[in-house]
Amino acid sequence: LNERVFEPRERDYALVGSFYAYSIFISLGVLALGQRLQKMLRPRFAVPLVGVLSFLCVPVLLASENWDDHDRSGRYTAQSTAKAYLDSIEEDVDAMIFTIGDNDTFALWYAQEIEGYRTDVRSINTQLLATDWYIDQLKHRTYTSSPIPSQLRHDQYAVGTRDYIKYEALLDSVRWSLKDFMRWASSDQPRTQYKYLLDQYNVETSGIPKATQKMVYYPTNKLRVPVNKENVLKSGIVKAEDADLIVDYIDIDLPTSGLYKNRLMMLDILHNNDWERPIYFTGGSYDPSEYFWMKEYLQLDGLVYKLVPIKTPSNPNNPYQMGRIDAEKMYSIVMSWDWGNSDNPDIYHDPETRKNSISFRSNITRLANALIDEKQIDKAIEVLDLSMEKMPVESFGYYSLVIPIARAYYRAGAEEKAREIVFELSKGYQEYMQYYAQWDSDDQLALIEEIVGNVERYKSLLTEVAETKDHQTLDALYESFYTSILPFSYIYGKYDFYTELKPFVSALYQANRNDLARELGGNIAQQYVDLLGRFMTIPEEQITYFETEIGIEIEAYRSLLSTIKRHDEDSNHVQQLEKVFDETVEQFTFLMN
140 LNERVFEPRE
150 RDYALVGSFY
160 AYSIFISLGV
170 LALGQRLQKM
180 LRPRFAVPLV
190 GVLSFLCVPV
200 LLASENWDDH
210 DRSGRYTAQS
220 TAKAYLDSIE
230 EDVDAMIFTI
240 GDNDTFALWY
250 AQEIEGYRTD
260 VRSINTQLLA
270 TDWYIDQLKH
280 RTYTSSPIPS
290 QLRHDQYAVG
300 TRDYIKYEAL
310 LDSVRWSLKD
320 FMRWASSDQP
330 RTQYKYLLDQ
340 YNVETSGIPK
350 ATQKMVYYPT
360 NKLRVPVNKE
370 NVLKSGIVKA
380 EDADLIVDYI
390 DIDLPTSGLY
400 KNRLMMLDIL
410 HNNDWERPIY
420 FTGGSYDPSE
430 YFWMKEYLQL
440 DGLVYKLVPI
450 KTPSNPNNPY
460 QMGRIDAEKM
470 YSIVMSWDWG
480 NSDNPDIYHD
490 PETRKNSISF
500 RSNITRLANA
510 LIDEKQIDKA
520 IEVLDLSMEK
530 MPVESFGYYS
540 LVIPIARAYY
550 RAGAEEKARE
560 IVFELSKGYQ
570 EYMQYYAQWD
580 SDDQLALIEE
590 IVGNVERYKS
600 LLTEVAETKD
610 HQTLDALYES
620 FYTSILPFSY
630 IYGKYDFYTE
640 LKPFVSALYQ
650 ANRNDLAREL
660 GGNIAQQYVD
670 LLGRFMTIPE
680 EQITYFETEI
690 GIEIEAYRSL
700 LSTIKRHDED
710 SNHVQQLEKV
720 FDETVEQFTF
730 LMN
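With our numbering as the guide, the letters of the sequence shown map in order to residues 140 to 732.
In case anyone wonders, no lab produced these hints; they're calculated from the structure.
Hints are supplied without guarantee of correctness; some may be wrong.
30 Å max Cα-Cα, derived DSSO-like pairs, lysine-lysine [to be verified]:
1) Lys349 / Lys305
2) Lys368 / Lys334
3) Lys514 / Lys556
4) Lys378 / Lys353
5) Lys704 / Lys598
6) Lys608 / Lys566
7) Lys633 / Lys556
8) Lys305 / Lys361
9) Lys608 / Lys704
10) Lys434 / Lys450
11) Lys278 / Lys434
12) Lys556 / Lys434
13) Lys373 / Lys349
14) Lys278 / Lys178
Please take these sequences and the hints and turn them into a complete structure.
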């Protein structure tokens, strides 16, 4: 009757069954205790004693076992996270922010409704936009925020009306303006309804539900959103110095299936706003529909994304990184955040609190790199220091998200700070590896994803050190890294395990660890020899089917040998490797002719 493993947050309804079980077993325990005491004491003494012991011991036991996990004294990270969202938004410009999930929505509601903080911002939950009662609320002024701009009347979005509008490819080569689309979608004319199409094609409608016949459809999914540049600059959505970057319009493609009411309402707000009020998003989703299908027109401001008519193409190396950055603006936002005692080592940082650090760390790292690109090195180091101070590794974990911080320190020339992080993370990964190594193979395979994940993250850490050419740190850490992950080579298989370490060969030579480089290079070379040898066991009439794969392995083997020849001054060692290579490759000359 415990809470299910992946239950999000503490949902009280998930624990009701546990209280039933708890009550039953406590009663049985009291009964058993009473029966035992009655054997030693008279009943008139035993019964009161059982009652007193139960009322004293049960709460004490409960508190002693659970107090530390539930002690929230001194912990204000939830409030500070909500305020960080709101403080990332321009003040007193009647801004709107679209929230996506419970974590961001409830946090903002608490800050605004309970603490009365930043009530100038209108919070809009995109999931609740599918309900008429919530839309009605948004159409009223709340505190100092104006109603949402919308042209749809209550009867046009009431329950059962426009819950879903379907796409019919009648004008698939035509791109409508958003104004024309909303005029169509909000129209009650018969030609906008599905029945009109059915009648056009002489479809018998007697068996089709009335609700389906009244469903609104849209004949093209291609829309053009005009940009009112005057409003953009007047509302401060874009700075005057970036005016030349503003586009004339934004083209979006709607789904070729249909739109639910919440997405239609979002388009309604977008059209009727006409760039007069800034629009923000809390993020947390990569679904294009959560951003009006305009993911390439975002600007990261602190914890939120602002919709801006400036195109920022997706980063092919990191498709999850959205939007541009105004480094100076974001720097001022980040440095003004209240962190809610997050750096206090004496408070319990629960999993949700630690999870929130993902956004903070990744966004601050992006800011630091933007500042470095602009040659503002001191400010970059300052925000990185802030991140490490307010979200210490020992309290917040998530080692893989700290590696980019170390990388940014290296870029900023703060090598010692980068090394401190690298050594701390390396120590943590070492503890993981030692812990896993105690288990037998069956237990290890049961948690193969966790083990492989930590091995790969550990490998990523050392790869970062190698790529930044921090030879001193690589020299200090490589041996312990290698010996700690070696027990798990059977999970990968020898070939994958060793060949994935290939980049370290060159790095170890450069770190003057020729002994380690030769050992690793030899192990990798042996994997190529063994694999190519297995190819030779294939019948000659079938081996031509594997010609491409064989060629790839030979080239990889040759690349390894070139790396060793470039760095190793021991001619005897190199000649021996070349001899083995030639003998191995010679077997496949018939494929190359």
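Handout entry: Index of numbered hints that the structure contradicts, given in increasing order
Key = Result: hints 2, 4, 7, 12, 13, 14 break, sorted rising.
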